[in-house]
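Asks: The residues making up each chain are set out below.
4 protein chains.
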Amino acid sequence: MTRVLVWNEGIHEKRNEEVRAVYPDGIHGAINQLLKVDKTIVVRTATLADVEHGLTEAALAQTDVLIWWGHLAHQQVADEAVARVQARVLQGMGLIVLHSGHLSKIFQALMGTTCNLRWREADDREVIWTVAPDHPIVAGVPQPLVLPRHEMYGEYFDIPAPDELVFVSNFTGGEVFRSGCCFRRGKGRVFYFSPGHETYPIYHRADIGRVLINAVHWAHVAVPHAVITTQSPNDPLNWFVGETT
Amino acid sequence: MTRVLVWNEGIHEKRNEEVRAVYPDGIHGAINQLLKVDKTIVVRTATLADVEHGLTEAALAQTDVLIWWGHLAHQQVADEAVARVQARVLQGMGLIVLHSGHLSKIFQALMGTTCNLRWREADDREVIWTVAPDHPIVAGVPQPLVLPRHEMYGEYFDIPAPDELVFVSNFTGGEVFRSGCCFRRGKGRVFYFSPGHETYPIYHRADIGRVLINAVHWAHVAVPHAVITTQSPNDPLNWFVGETT
Amino acid sequence: MTRVLVWNEGIHEKRNEEVRAVYPDGIHGAINQLLKVDKTIVVRTATLADVEHGLTEAALAQTDVLIWWGHLAHQQVADEAVARVQARVLQGMGLIVLHSGHLSKIFQALMGTTCNLRWREADDREVIWTVAPDHPIVAGVPQPLVLPRHEMYGEYFDIPAPDELVFVSNFTGGEVFRSGCCFRRGKGRVFYFSPGHETYPIYHRADIGRVLINAVHWAHVAVPHAVITTQSPNDPLNWFVGETT
Amino acid sequence: MTRVLVWNEGIHEKRNEEVRAVYPDGIHGAINQLLKVDKTIVVRTATLADVEHGLTEAALAQTDVLIWWGHLAHQQVADEAVARVQARVLQGMGLIVLHSGHLSKIFQALMGTTCNLRWREADDREVIWTVAPDHPIVAGVPQPLVLPRHEMYGEYFDIPAPDELVFVSNFTGGEVFRSGCCFRRGKGRVFYFSPGHETYPIYHRADIGRVLINAVHWAHVAVPHAVITTQSPNDPLNWFVGETT
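Protein chains in written order, with numbering that gives the first Met the number 0: chain A, 0 to 244; chain B, 0 to 244; chain C, 0 to 244; chain D, 0 to 244.
Derived from the structure by calculation, the hints contain no laboratory data.
Just to be clear, a hint being listed does not mean it is correct.
Which copy is meant is left open, so a pair is good if it fits within one copy or across any two.
Simulated pairs of lysine to aspartate or glutamate, DMTMM-like, Cα-Cα distance not exceeding 25 Å [said to hold, decoys possible]:
hint, residue 1, residue 2
1, K38, E51
2, K35, D63
3, K35, D78
4, K104, D206
5, K104, D162
6, K104, D78
7, K38, E16
8, K38, D122
9, K38, D162
10, K104, D234
11, K35, D206
12, K13, E56
13, K104, E79
14, K13, D63
15, K35, E120
16, K13, D24
17, K104, E16
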């Protein structure tokens, strides 16, 4: 089983009727529905309003893959919570950052860059192309995957070059965007996936659900490596005596 | 199930008593034993002496991952067989190239470089370090994995920069070597793993078996992507009409 | 000084009046004009019709960077010439492959993949975006660089993941393309740049000239490393005696 | 001209007679001497004790490449100074982090990982191998570069996979280390180079000076790209009108 925690800021749905109409159960509720298709995935959800944002040590310890959606309240996420999530990722927890999560504290902390991009809300058509056909995240994904109306996200996207670039998007207005990006950090894995503006029913699509399910399995490091990375150990000269069989 | 074809040149074991003593069932026989531990893997074997080297279209069509060991007779492998293997890799078959296979026609064809390296047979100790702890190939592999005696393979190893560098080796004589290297080519995946000189009992070790089993699963692209890569298709301007739901 | 050899197939311009109108001095002639802006670059040209295609050992020995444009006659380029060029690249010569050169023997040999792509001649607008703003190839290049009418080249482009992805293009029809890709092979460097269909005046644009000049300087390895890669040398155990000062 | 600021913590040399004997003018003084060989480089130096650590906005604005050596006092570097340096790197300033600088705040902030490693002070011999012979940083560097006695730094080194891996080291005790690593962040470039423990005369060697000079030139982005990355701009739909010539 893969234990997924879907974290959603949860503000748009409360304040804005248009968003509530699209996501009556919240964005986290819709993502939960998409993941349910896979019976090997167990989903819990949490929001900004929960105690410690639902990101306690205990909650993270039971999480294999954390999915993150945020937009309006990035600065309201406590630094301590961000530090806990970062430490867990480096120790092997998967992290999937969605859409406007590109400016979240946790994504910026893991990338080391501004993570800025160009954007526009004008009903662009987004056409998402697979550029890594061997990758488990694209299994069963159509070439291309077309979103008839979506917010535009465009280059330059200020991230480190992804360890694996999986999707690239075309927008009607003439832009391109690296919309599916894999990063390896410490013992953990990070996937950024740009679809999911709150006013479009993106998280009700089965093809987007397929990407998210694939991404959960890719990001889940089932057997974290035994190497210690939380300190810089001082090794004796003859550490390997007796290890050579 | 993952269908593995272990291909071994099969000459050293016939000609050389020392090698026969280490591998009485051939190198392919020993690798077969290592993989048997995993009940989801089905193994067949083939050698240079088989009809079409055992690399017919039919044989390759039933292969998810091909493991390749060769040394003395790289030039005796027919160009047609090499072309068939390369085409299958680009269509999604996994390929694991072992040790002296670095100079095989198939590895050179997929890399585009000479694949030369420095070497020495002098009972160096090889210490293999994981440098990608998130990677499925290293799950359960000790840090480090120590081979008390092995042939030295040293840098510069003339390959493209690996898409994922997994293992780096230290040798007593002062050399280093990128000993575990992942490459993505077309819809397929290639793993080069340097341990396995014919006069040392490397393929009788459980830790080496663990790496090979992990590599088989990593290289097995279970659902090859639907995109067509065997030609350069001419697309009409309005190809996406009707696809946008 | 950087010595550039511009190689052009040179067939379209002879057979086709439309192309001749765009490139009266040949595509190689137009590229020559673009590079002349930089006084540190010395240009020679060669075509398929020249003796040994103008790709003799002597000619290559005097070349720091080879620029390649071909389309109709990839199969007429002699295998021996391709082998000579590949060997020189691996020894440190730069190679810039343009547009339809993606299916040239030399590019396929260096990539190890089919290099297929999707295409369409329908006056798409191509918008070229920089995705690596630190890269010397993009210095002085506008964001974006817009070609009002060009042939569409689309994904999936069957190449290894570039060592550095520099440009990504948007096309009116909805496609994207990795239009500027850097590869490191052996001691040499390869840049693929997709603009340059024969019926559009792409190689008369100063912004395209800027990219080509930058690419020439990037691809020119001024001091090839001393390491030997043309063989796999057998090293003694104590090779470093006396080297430690 | 390339304007280099050599930043040194400057504590070991004051407190420890052994270090002072090796570096009577400070580590920054020795690096200054090494760089002086190249007449196109202008060097200034700064230390922790300087006002604002010598890392004011004005100082950084006049710096093309910052070289960083620190060890004992990483936590005494003000967060504001670290933020200024990070912002400048993302805007195009080069950064070269040396040896124990792997645990500096600035390196950790740019990497997003712990940057931990294994270490030992036991007079290991370090043998540094070039694994990227096309790279400008290795021009004129011997294969291998041998340090007869040095501190051991070993894997796993908890960094993102380098964008370009340039050097890998062998240590007597059996370890390996990715000792020369290039990273691209925003419009800037970062090079980590591990040699330089304070009790060994590493920065008096001409071969190490060659690496540092090469690295300065590689890290110097002469023409920072015009793209804006300090914000996420909202683009109108028809931004490109009039740009298509």
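Asks: Against this structure, judge whether each hint is valid.
Replies: Here is how each hint holds up against the structure:
| no. | hint | in the structure |
| --- | --- | --- |
| 1 | K38 to E51 | neither (29 Å within a copy, 44 Å between copies) |
| 2 | K35 to D63 | within (16 Å within a copy, 29 Å between copies) |
| 3 | K35 to D78 | neither (31 Å within a copy, 44 Å between copies) |
| 4 | K104 to D206 | neither (28 Å within a copy, 38 Å between copies) |
| 5 | K104 to D162 | both (21 Å within a copy, 23 Å between copies) |
| 6 | K104 to D78 | both (8 Å within a copy, 16 Å between copies) |
| 7 | K38 to E16 | neither (33 Å within a copy, 54 Å between copies) |
| 8 | K38 to D122 | neither (35 Å within a copy, 48 Å between copies) |
| 9 | K38 to D162 | neither (29 Å within a copy, 32 Å between copies) |
| 10 | K104 to D234 | between (35 Å within a copy, 24 Å between copies) |
| 11 | K35 to D206 | within (14 Å within a copy, 37 Å between copies) |
| 12 | K13 to E56 | neither (27 Å within a copy, 43 Å between copies) |
| 13 | K104 to E79 | both (11 Å within a copy, 17 Å between copies) |
| 14 | K13 to D63 | neither (28 Å within a copy, 48 Å between copies) |
| 15 | K35 to E120 | neither (30 Å within a copy, 44 Å between copies) |
| 16 | K13 to D24 | within (10 Å within a copy, 64 Å between copies) |
| 17 | K104 to E16 | neither (27 Å within a copy, 44 Å between copies) |
The structure fails hints 1, 3, 4, 7, 8, 9, 12, 14, 15 and 17 (numbered hints given earlier, in ascending order).
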